[in-house]
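Peer 1: Modelling step: build the complete structure from the supplied sequences, incorporating the hints.
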Amino acid sequence: MESGPGVIAACYGAGALLSLLLARWSGRLALVVSHLAAAAGAAAGLALSLGLLLGEPGRTLIRPLPNFFPFAKLSLLIDGLSAYFLLVVSVVAVAAAIYGPAYLRAHSPDAGSTRQAAQGFALNVFLGCMAFLCCAGDALTFLFCWEGMTLASYVLVVSDDRDGENARAGLLYMVMAHGGTALLLVAFLALTERAGAFDFAALRAAAAGLDGPTRTTLFFLALGGFATKAGVVPLHVWLPRAHPAAPSHVSALMSGVMLKVAIYGLLRFTFDLLAPVAGPLPFSWGWTVLFVGTTSAVLGVLYALQQHDLKRLLAFHSVENIGIILIGVGLAMILWRQSTGGALATVALTAALLHTVNHAAFKGLLFLGAGSVLSRTHLRNIEELGGLARRMPWTAGLFLLGAVAISALPPLNGFVSEWLTFQALLGGATRFHGPAGLVIVFSAAMLALTGGLAAACFAKAFGVTFLGRPRTSQAEHATEAPPSMIAGMLWLGALCVALGVAPGYAMRLLDAPTAALLHGPGASAVVTARGPLVLSTALTPSGTNGTAISMTMVAALLIALSAIALLLRRGVRRAPQRVAPTWTCGMTPTARFDYTATAFAKPLRLVFAALYHPRREVTRETAGTPYVVGRIHYAGEIVDLAETHIYHRVEREISALSQLIRARSTGRIYGYIGFVLAALFVALLLLGVAY
Amino acid sequence: MTRYVAVLLQTLVAVALAPGLVGFIRWLKARLQGRRGAAPWQPYFELRKLFGKEAVVSHTASWIFTATPFVLFGTSVLVASVVPLIVAPAGRFLIGDLFATVYLLLLGTFFLALAGLDTGSPFGGMGASREMTVVALTEPTVALSIVALALNAGSTSFSEIVSRTLVQPSAALGPGHLLAFAALFIVTLAETGRLPVDNPSTHLELTMIHEAMILEYSGPYLGLIEWGAALKLLVFLALAANLFMPWGIALSLSPAAVAIGLLSFVAKLGALSVAIAVLETRVAKLRLFRVPELLSVSFVLALLAVMSTFLVR
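Protein sequences appear in the order of chains A and B.
Residue numbering for the first sequence follows the working numbering, beginning at 388 and increasing consecutively.
Residue numbering for the second sequence follows the working numbering, beginning at 6 and increasing consecutively.
Simulated from the structure, these hints should not be mistaken for lab results.
Among the hints, erroneous ones may be present.
To be verified - Computed beta-carbon distance windows for the label pairs:
{"hint": "1", "chain 1": "B", "residue 1": "Ala-43", "chain 2": "A", "residue 2": "Gly-973", "range": "25 to 33 Å"}
{"hint": "2", "chain 1": "B", "residue 1": "His-208", "chain 2": "A", "residue 2": "Gly-566", "range": "55 to 63 Å"}
{"hint": "3", "chain 1": "B", "residue 1": "His-208", "chain 2": "A", "residue 2": "Ala-1022", "range": "52 to 60 Å"}
Said to hold, decoys possible - Chain B side only, calculated, beta carbon under 8 Å to chain A, not exhaustive:
{"hint": "4", "residue": "Met-6"}
{"hint": "5", "residue": "Val-10"}
{"hint": "6", "residue": "Ala-11"}
{"hint": "7", "residue": "His-64"}
{"hint": "8", "residue": "Thr-65"}
{"hint": "9", "residue": "Pro-127"}
{"hint": "10", "residue": "Ala-133"}
{"hint": "11", "residue": "Pro-145"}
{"hint": "12", "residue": "Leu-156"}
{"hint": "13", "residue": "Arg-199"}
{"hint": "14", "residue": "Glu-221"}
{"hint": "15", "residue": "Leu-293"}
{"hint": "16", "residue": "Pro-297"}
{"hint": "17", "residue": "Val-311"}
{"hint": "18", "residue": "Phe-315"}
{"hint": "19", "residue": "Val-317"}
Note that the coordinates shown come from a computational prediction; the quantities given were computed from them, not determined experimentally.
Cβ atoms here follow ideal geometry from the backbone N, Cα and C, with glycine treated the same way.
Peer 2: Put into structure tokens, the structure is as follows:
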């Protein structure tokens, strides 16, 4: 276990270098070898994190790094929280590495070896940076990995360039990511400046001496930085553009894992580094996080509902799920160290952390499924797909599994973490009376709305893509994805089932992170007090009465009852079955009769019209008389409120400002020299005043 | 052990009773509207006929279409086995959680919506889209009603809610419970496809919700779906009856207590059926885009229920 970090670094490093070297001979070989190395690195990460999480409690692995800089000691520090997030990274990375080579070959068969080398290199750097970011023991390593993660994922986003769209998405991603990083830099440097060192222990000591307002300012700076990376509304605008642009297995990593790394940063910075020595966290922190979490959850799913690009739809669902995670995190912040909080903060944090791994599993699975559809049909617009369930049975079945899981339907894993989040909210509502309680209850109602809307959205996404008739010839002639791609999806699908049916065993993995962060009882002591197959929570402080649910039993009974119904149907009388065309009022059924995604989402588009500002243009071409319509053209569009109300406004202001400056720029060189001199003069003057 | 046998038996009673409940409401409606109407046991004959008939499956349909009836029936029976019907649920029964029940029902609805899209029929898609819209919009109300009940009981488990209401009859008649009951009743109408949200006896495809989704089903598949839907109605009425008015429910397994439990259960179902029949005779179906207004009324009722619970404590 001591050598674990070294092995991980060696695997990812070798993968990155070999990708560059081998590409001289063969781009395909470079791709395969780099993905194999990534799989090995992910497996090593899995082994290391499982060893730490299931080993002796409270164990922390500390490894000094070579001294690159004379002014700072670099180190790795892997405690329960780090190990848990390393696990999340590695789990999805295994699937992505298995899936990747076949996908890239099928998706862009004409890719040059330079692009393949870059993709293999960037993937390994991306994974390595995420793994070591979770294990960083000092601010410098953390920020280096943070930046490496951003740059490598940028390369991957623009690597798939067919049109200018990806490049624009990449640019927006770069700008937003660096805005966030700037906020993080300020927060971290303010601490390191006080500490005089970069390692986390020194930062923790420095933070202990902070006064209230400074502490809260630093928290909000960090929250801004991490929320940008996590894609929290209204900082999410880059996410639905950048995530779909990347190759699908990288989209799975970005949505499933990279956002979670931001959650890791938030947890580490808030609970570990910045928290006051004693007493609860300041009032404003938890409530803000709860509020932005609820907003993100509802708005994320609402915007997802109106997307017809399969990968974009999934990207918006990441905004939703990050919101659900933040509801748990916010609640944990509110309840932590409260005199009446009891074990409830642990329940809330457990819900958030469990949803972290759950979302990684099902969102990874869904992106890989979308990728296999994309690689076979080269279509992302679900309106052009349809009927794929018969043509791609494995992909369809696994995508359905992911869809059921993300819609929080039992007996899969999404339900478990949403159930826990709901129980935590309910517990919070019993603690707080009056307005505070009402806010929590409202958050619970919004969580339920999110679940219902997600189910509606995935009924649409799965139904329109995989069911009905194919609407284009690409969809009609689609074939099943190659076995290695299915293997990658199967791994994540199995995880969704396992985490759903026997979540009690996953609680053991949560013991170390919850105990490390909250210094209280571990997750399994609180949530699986009645045995590993039963989840139970006690909402009242006395803990006497609570609720319990056994997902294993739900799944077993559900399968048994459906089987009994099947036997009844078979047994009573073997009634004959006939195949016939769908009834369409006497006309010959064609693909034009299938309900489209736009039509499916229309009722909700009208109900939430205030949020969408939907626009529609219908033009009719008539043949002579207005009663005979030759052709109807329909165009519809919705807007993202954050985009129009915040970003476009800022954009307009900046353009107006540059127009102002432009009026002063004459194009003559001495004019500009004059400006530079004037600026220097003013700067010197200000400096003189300051000193 | 006897507890499990009791649960099994009461589930069978519910499964057997469900078509009769639908028939009773139909008969009562006919009477109220001045028609003679079919006898209350007519749905049993219909089911027998359907299970003997040939099934017609669309060319376009995939395995989802044939699997959905079983998933729907399975979830309905599972839910019927965990909600309090005749015998009060025991604390150790491990699925008796209100939140889980709601999501199990949603699982069945989700599959039904997929089956509606599966055949490529425009009506199926229309029904699926509308059903998912209505269901999604009822979810917040359901959650708030659960919270209102759970704040009193300190738990979302059925056994705690029922036993707490039995111990404190005053809470059951308090504003929190009454408002939550009203909210949940509106949700019941919406989720089980009753007027004014959906017309169960309509045959005009453009106004249907539930019926439009299952338009392509026939034979035994249709039988299973009809039975499952009837069971869902029974479950919702049982929830409304026994969570808010649990009196009469059998606390022990003695024959007398079970007999009283059975009688009171049938009486409560009868009373709620009369309410639905009268309501369906009195109100017209709402336009689809007026339904969200009705659902927001139920949301506000549930929110008021929670607020009054906060105030009373």
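Peer 1: When the structure is checked against the list of hints, which entries are broken? Sort them ascending.
Peer 2: Going through the list in order, the structure violates hints 3, 4, 5, 6, 13 and 19 and respects the others.
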